[in-house]
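Novice: Working from the sequences, and respecting the hints, build out all of it.
Per the working numbering, the sequence shown starts with residue 118, numbered consecutively.
No lab work stands behind these hints, which were simulated from the structure alone.
Any given hint might turn out to be false.
List of simulated lysine to any residue pairs, SDA-like, C-alpha gap at most 25 Å [what the hints assert, rightly or not]:
| # | residue 1 | residue 2 |
| --- | --- | --- |
| 1 | Lys-164 | Ala-198 |
| 2 | Lys-164 | Ala-149 |
| 3 | Lys-164 | Ala-186 |
| 4 | Lys-164 | Ile-126 |
| 5 | Lys-164 | Leu-264 |
| 6 | Lys-164 | Val-150 |
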Amino acid sequence: MALFCFLYISPFCAFGSALFTVRIVHDVILAAVFAPLLIASFRLEDKSLPGTLTIWTAVHAITFWGWHAPALYGFAMSSDAVFWLMQITIVATAAAWWVKVIRSPAPAAATGLLATMVTMGALGALLTFANRAYYAPHWLTTRLWGLSPMEDQQIAGIVMWAPASLVYLIAALTILYRSLDSRAPA
118 MALFCFLYIS PFCAFGSALF TVRIVHDVIL AAVFAPLLIA SFRLEDKSLP GTLTIWTAVH
178 AITFWGWHAP ALYGFAMSSD AVFWLMQITI VATAAAWWVK VIRSPAPAAA TGLLATMVTM
238 GALGALLTFA NRAYYAPHWL TTRLWGLSPM EDQQIAGIVM WAPASLVYLI AALTILYRSL
298 DSRAPA
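Specialist: Okay, structure coming up:
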């Protein structure tokens, strides 16, 4: 509940309207932290979901990339209904994906985590090395914070590329380590 309040009730959410970097941090927290906490809170890891880990990895990646395409992102930032649709679909696909990760054998779970790390990293790299600022909702808001729109986008890309990807890498390595540890003779 505290994380939900931080993401949506505190000034952090409004700050995401000003800086794309903050919006990216917000969305990464939704997918990488809030969704697994939601699963644990409601014991959703035992729920049966159609589809495979591979399918949910693709669905989650397409959802995340789609909502961060400049036109769709701009639409979400200009409409409350579309914004909430974006938030709900990011959380829902992330939660379904995490359920599949949790329920998969260690090698498959690690592969799903690493695939997600690569897709997040690729989007982050594209944002970082883009030749112009693509996110119109932030073209006029970043200067108040001492950043150009391009700098804001580049920082957002670096956040998605490195720290956000690190969450998935650590989870994959933890799962692999635990699976190897469980196979060790006593």
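Novice: Check each numbered hint against the structure and report the violated ones by number, ascending.
Specialist: Of the numbered hints given earlier, those the structure breaks are 1, 3, 4 and 5, listed in rising order.
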